[in-house]
Amino acid sequence: MSALPQAKTLPGHVVCDGNEAAAWGVVLSRPDMVAVYPITPQTSLVEALAQFAADGTLDTEMVEAEGEHSVLSVLQGACLAGARTYTATSGPGLAFMFEPYLRAPGLRLPMVMSLVTRDTLSPQCVWGGHQDAMSVRDVGWIQVYCESVQEILDTVIMAFRIAEHRDVMLPINVCHDGNYLSFGVCRVDLPDAAGVDAFLGKADTNWHVALDPDRPMGVDPLTGGGGPGAALFARYRKGHCRGMQNALQVIVDTHRDFGDRFGRRHAPLLEEYRLDDAEYAIVTIGSMTGAAKDAVDEARCAGQRAGLIKVKTYRPFPLQAMVQALARVKAVGVVDRSVSFGWNAGPVFQDVLGTLAMLPQRIPAVSFIGGLAGADLTPGHFARALETTAQALAGAVPIAPVWLNENDR
Amino acid sequence: MKLVARPWFDASAVANDLAPIATEPSPMLPGDWRSLRPVVERGKCVKCAVCWLYCPVQCVVEKARWFDFDLATCKGCGICAQECPQRAIVMVEEAA
Numbered sequence: 001m002s003a004l005p006q007a008k009t010l011p012g013h014v015v016c017d018g019n020e021a022a023a024w025g026v027v028l029s030r031p032d033m034v035a036v037y038p039i040t041p042q043t044s045l046v047e048a049l050a051q052f053a054a055d056g057t058l059d060t061e062m063v064e065a066e067g068e069h070s071v072l073s074v075l076q077g078a079c080l081a082g083a084r085t086y087t088a089t090s091g092p093g094l095a096f097m098f099e100p101y102l103r104a105p106g107l108r109l110p111m112v113m114s115l116v117t118r119d120t121l122s123p124q125c126v127w128g129g130h131q132d133a134m135s136v137r138d139v140g141w142i143q144v145y146c147e148s149v150q151e152i153l154d155t156v157i158m159a160f161r162i163a164e165h166r167d168v169m170l171p172i173n174v175c176h177d178g179n180y181l182s183f184g185v186c187r188v189d190l191p192d193a194a195g196v197d198a199f200l201g202k203a204d205t206n207w208h209v210a211l212d213p214d215r216p217m218g219v220d221p222l223t224g225g226g227g228p229g230a231a232l233f234a235r236y237r238k239g240h241c242r243g244m245q246n247a248l249q250v251i252v253d254t255h256r257d258f259g260d261r262f263g264r265r266h267a268p269l270l271e272e273y274r275l276d277d278a279e280y281a282i283v284t285i286g287s288m289t290g291a292a293k294d295a296v297d298e299a300r301c302a303g304q305r306a307g308l309i310k311v312k313t314y315r316p317f318p319l320q321a322m323v324q325a326l327a328r329v330k331a332v333g334v335v336d337r338s339v340s341f342g343w344n345a346g347p348v349f350q351d352v353l354g355t356l357a358m359l360p361q362r363i364p365a366v367s368f369i370g371g372l373a374g375a376d377l378t379p380g381h382f383a384r385a386l387e388t389t390a391q392a393l394a395g396a397v398p399i400a401p402v403w404l405n406e407n408d409r
Numbered sequence: 001m002k003l004v005a006r007p008w009f010d011a012s013a014v015a016n017d018l019a020p021i022a023t024e025p026s027p028m029l030p031g032d033w034r035s036l037r038p039v040v041e042r043g044k045c046v047k048c049a050v051c052w053l054y055c056p057v058q059c060v061v062e063k064a065r066w067f068d069f070d071l072a073t074c075k076g077c078g079i080c081a082q083e084c085p086q087r088a089i090v091m092v093e094e095a096a
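Chains as they are written, first to last, in my numbering: chain A, 1 to 409; chain B, 1 to 96.
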């Protein structure tokens, strides 16, 4: 963070899309270095950042790298030198970034990256879906999924504090849905700049590993093989898992403090919606949740005891919170915006299956897959998901996933 | 410019399961595993310093009448022999 105060007075609110909202979050978080390479549907985020840097709204070093592999490599060097860094990518850009992407969490670099989610190729596709993010769900980054444009702005800011917390020290992906959030326009409120400065504090990225002539060290030496190297490698892996587990509490605390300071509260791990006396519930993730809540409201009006569990933090998986939420219901349906090819189901469904093993009683669970490649998930689709889950409660459990958009016209 | 030795980072100041770092140089040098060594034919060397320019590990040392090599550091890559305009360097196999 630069020692100087913000050069410009920032507006109290703006009307913008989700990509620009992320860029406003970056402005307020004041990273020392930003490198971004444009890719659909993230491009307007890059354009907003470039404009902010050009007109003096964002005081940072913008690096124009030749591709995503260089983007993340440049930022790793900056982070090791003590900089607060930011980038954003999507789908094929994430794929091109993969080699340095794997290295960042193992080096415990607290980097922040917006992942504007997009379905993966092929079929050739430029539209939203969670397949890119889900494909990297277990390489050691923290992953959080936003529901609204306002939540994107707020979560980008919170992400810096979560990543740089000394009990965590991990990179974080702030995921927001391509199309529905990236290009969805609405009014967002900006927290005041001085308040964000106080909330985030100074950049704290390289106290543990550094490229610093005053603290000579070898960064990322060969570790492993036989003998004591194997134990050393296991120790770092175990420490990485510990950092991920620590993140759960830090995410909760950070959301609470953000709410206390700025008056906006977002559910940190899971959001339980109308779950108190629910017989069955659906699990959602990302921007689909709004339509799903409408469908739950309608089911309630029709006398159904339906509820909803929204996943905000997906990695680390909030196991205890999910155990508590699922213990309240007798059947669950999980709506995924992506596919686990290995399981013929959705990835979040797999996590829910794992959670069910922790419950005293087995309950029926149904996998729904929808919203791929920009497909709309409407209250009608969710009404069908709720109805199917209610039937599962009565004993009719589909053995294969239900593809919600397969009959759309 | 006066060289000042910096203290190595105190690794005990951070958790030992955090980021992989090393604060002691490996005692192993390339000379421990090199398979070919450069040998200079002193009569042919004209001290043009091409080998000095090209050596990737900067192990070329200057003698009064010729250039030679610090064999603890030389990794035996042979670039010097390849580049020498006088063909004054030959690579010979290290004894087993």
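Just so you know, these hints were derived from the structure itself, not from any lab.
Incorrect hints may appear among the rest.
Among the chain A residues that face chain B by a calculated CB cut under 10 Å, a handful are [as the list claims (entries may be wrong)]:
hint: 1; residue: 183
hint: 2; residue: 186
hint: 3; residue: 220
hint: 4; residue: 221
hint: 5; residue: 225
hint: 6; residue: 242
hint: 7; residue: 244
Just so it is clear, CB atoms sit at the ideal spot from N, CA and C, and this is done for glycine as well.
Hints, one by one, checked against the model:
At its closest, the beta carbon of residue 183 of chain A sits 38 Å from a beta carbon of chain B; the interface hint therefore is violated under the 10 Å criterion. Annotation: interface hint on residue 186 of chain A violated; nearest CB of chain B at approximately 40 Å, more than 10 Å. For the restraint placing residue 220 of chain A at the interface with chain B, the shortest Cβ-Cβ distance is roughly 5 Å, inside the 10 Å limit, so the hint holds. With its C-beta approaching chain B no nearer than about 4 Å, residue 221 of chain A sits inside the 10 Å limit, and its interface hint holds.
For residue 225 of chain A, the interface hint is violated, since its Cβ never comes within 10 Å of a Cβ in chain B; the closest pair sits about 13 Å apart. At its closest, the beta carbon of residue 242 of chain A sits 7 Å from a beta carbon of chain B; the interface hint therefore holds under the 10 Å criterion. About 13 Å separates the beta-carbon of residue 244 of chain A from the nearest beta-carbon of chain B, more than 10 Å, and the hint is not met.
In this structure, the hints that do not hold are numbers 1, 2, 5, 7, in rising order.
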